[in-house]
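Using the sequences and the hints, build the whole thing.
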Amino acid sequence: MTARYSLGIDIGGTFTDVVVYDHEAQRQFSRKLLTTHDDPARAVLEGVEQVVRDDGVPAGDISQVVHATTLFTNALIERKGAVTGLIATRGFRDIVEIGRERKYELYDIHIQKPAPLAPRPLRLEADERLRFDGSVMTPLDEASVAAAADELATAGVESLAISFLHAYANPDHERRAGAIVAERHPKMAISLSSDVAPEIREYERTSTALANAYIKPLARDYLDGIQDGIREAGVEAPLLLMLSNGGLAGLAEAKRAPIALLESGPAAGALAAAWLGREEAGGDVLAFDMGGTTAKLAVVDDGRPEIAYHFEAARQKRFAEGSGLPIRTSTIELIEIGAGGGSIARLDEIGLLKVGPDSAGSDPGPACYGLGGDQPTVTDANFALGLLAPETFAGGGMKLDVDAGMRALDGLAKTAGLSRAEFASGIRDVVNETMASAARVHIAERGKDPRRYSLLATGGGGPLHGAEVARKLGLKRMIAPASAGVASAMGLLIAPARADRVATVAKRLDELDWPAFEAVFSTMEDDAGRVIRQAGLDPAAGSVERRADIRYVGQAFEVIVELPPGPYTAESAPALVAAFEAAYVAQFTRTPPAGPVEIINVRAAVSAPSRPATARKAATDGPAPQPTMRQVWRPTEKAFRETPVYDRLTLRAGDAFDGPALVEEPESTLAVPENARFRVAKNGEIVVELA
8 MTARYSLGID IGGTFTDVVV YDHEAQRQFS RKLLTTHDDP ARAVLEGVEQ VVRDDGVPAG
68 DISQVVHATT LFTNALIERK GAVTGLIATR GFRDIVEIGR ERKYELYDIH IQKPAPLAPR
128 PLRLEADERL RFDGSVMTPL DEASVAAAAD ELATAGVESL AISFLHAYAN PDHERRAGAI
188 VAERHPKMAI SLSSDVAPEI REYERTSTAL ANAYIKPLAR DYLDGIQDGI REAGVEAPLL
248 LMLSNGGLAG LAEAKRAPIA LLESGPAAGA LAAAWLGREE AGGDVLAFDM GGTTAKLAVV
308 DDGRPEIAYH FEAARQKRFA EGSGLPIRTS TIELIEIGAG GGSIARLDEI GLLKVGPDSA
368 GSDPGPACYG LGGDQPTVTD ANFALGLLAP ETFAGGGMKL DVDAGMRALD GLAKTAGLSR
428 AEFASGIRDV VNETMASAAR VHIAERGKDP RRYSLLATGG GGPLHGAEVA RKLGLKRMIA
488 PASAGVASAM GLLIAPARAD RVATVAKRLD ELDWPAFEAV FSTMEDDAGR VIRQAGLDPA
548 AGSVERRADI RYVGQAFEVI VELPPGPYTA ESAPALVAAF EAAYVAQFTR TPPAGPVEII
608 NVRAAVSAPS RPATARKAAT DGPAPQPTMR QVWRPTEKAF RETPVYDRLT LRAGDAFDGP
668 ALVEEPESTL AVPENARFRV AKNGEIVVEL A
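When you read off a place in the sequence shown, starting at 1, and then add 7, the result is the number in my numbering.
If you're looking for bench data, these hints aren't it; they were derived computationally from the structure.
If a hint is listed, it holds; no wrong ones were tucked in.
Cross-link-like lysine to aspartate or glutamate pairs, in silico, DMTMM-like; alpha carbons within 25 Å at most:
1. K645 to E681
2. K262 to E209
3. K194 to D179
4. K479 to E644
5. K406 to D417
6. K194 to E149
7. K87 to D228
8. K421 to D436
9. K421 to E644
10. K194 to D231
11. K262 to D45
12. K455 to E328
13. K262 to E243
14. K194 to D235
15. K479 to D436
16. K479 to E429
17. K110 to E209
18. K514 to E578
19. K479 to D456
20. K479 to E287
21. K479 to D365
22. K421 to D408
23. K689 to E287
24. K479 to E681
25. K87 to D370
26. K262 to E319
27. K483 to D291
28. K514 to E525
29. K361 to D436
30. K406 to D45
31. K87 to D202
32. K455 to E565
33. K262 to D228
Here you go:
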């Protein structure tokens, strides 16, 4: 007998969302709790216990547990990881400090580059050297490895990265060095660059290995604690982790390479939007997720979020490419904006209103939370405008001090010479423009026209701000799914298991050894399939995708190309060239004069479907919904006016009403602006048509 329930857990900067989905009844139970930063597992276990106790969900019938978290990203940003060391090829320990010649701000003489995760005294060297093809120039001196390891252990290093020159072509030296360190210091966590990022370019590969080492002990202890905690709660199902690329992996894989989990929470939101936007938007949506700390936006075409194979973590300047730590791992491509419900408002030196990127988070939180916060935030502004009500906020389960939020607003409003409502309206408009501006850049960089998309809003603040953000982007439609506030946690339950592998070949196409080329793909696919089986799924039931990083000979950077299915032989060459030229034209609009091409990296992705949830249907019968009325600020009139407030649970499929209006549910509130109309779709989504 197949077990009946799946459990999704999403830990954000402000709220922790817990969702249990009942596959048999096609319904869900959810809890939204403040994130407990001192012990993130505490809020998770409290939410699970509430669902088991209050909703009558038998813990033993939960068959799947999927988890996403921002904990590891935050550890990188806040520099709260392990004491980390590096052993590199002699002469190359400073590669992570030298980086690339290109500056992210060319004329800034005071530019601040991100400090390496391992300071120079903890970056040591070993005697060894490989050539670019993996052949040995200088054999590994095992004594130098042992001496470096002992020195680092004495210095208090808890986690070690080993990154040798050209280890992507031959991992033997790294593996032997890792074995030596493990034998001498068994408690030290070890990350090999050839395991974490086995691809060309030493700076990026070493940076990725260091980042993995930096968070590895934290990931090990945290994930073991979550697993033990849910078992104590009576849930025996294995723990699966959401990866940055939108796939799932088992506990062993997540602890081996936690770097693959950095963007797991935002990835879940993008997956949820792709799934929820199939019917009403044809799969073409801008996935907009606004939480308590940040907002995220991803472009989804034909139901598929875009996948990138590198990104930057912990940027010194939020939108400046090159100001962060380069990470080589596959991830859903998205932009993260410092704009959430907890974003703090302030007046700058010349009296201009600024909102974010700093956030009150969950501790102390917005002033209205009554937990000690005394600075005005976006959430405080929404209460002041009548858009939120304390009796329904977060399901009515939070004890709020709205008066404290009003006092925080009044202080700055007086300085600005505005009324409380005018100042709060300004906060809301500024944060909406911040999100829209970042979205415009992100969409334009991908050569997309935002007007062909619908905005699908999730997160606690997404439906509350989404319509105004959509208008600023020139969109005509916004979609608010049911239970939007916990959609990311729901997205965990529809994700497939997925494993990505990469290898460097660095060969001209006309010089390829075709049997060896096919063997590289086969090896990667076998290894990825092993990870899928560890997650409890069958890779044979899924799919295999092959890609390659290809360029014209003489170019410095590559285009990532989706390849036709294998196996490959010499007869496959024209098809690979055609795929490359099509991708090149799509990115640059034309190809250069004919010339030879070369393949630098090859990539394989193996995925297998999990047990998907079914979209919730809206009621089709029952009495007509009867709204209550509330005083809500109208920006165009600069006055409060009576505004209808609907209970989402009373809305029926086909119901349609004119704005302005509010639609409340336990997890979020939808704000429908003036000159807009909303209707309830058969799948329970609310579609807002914007004039």
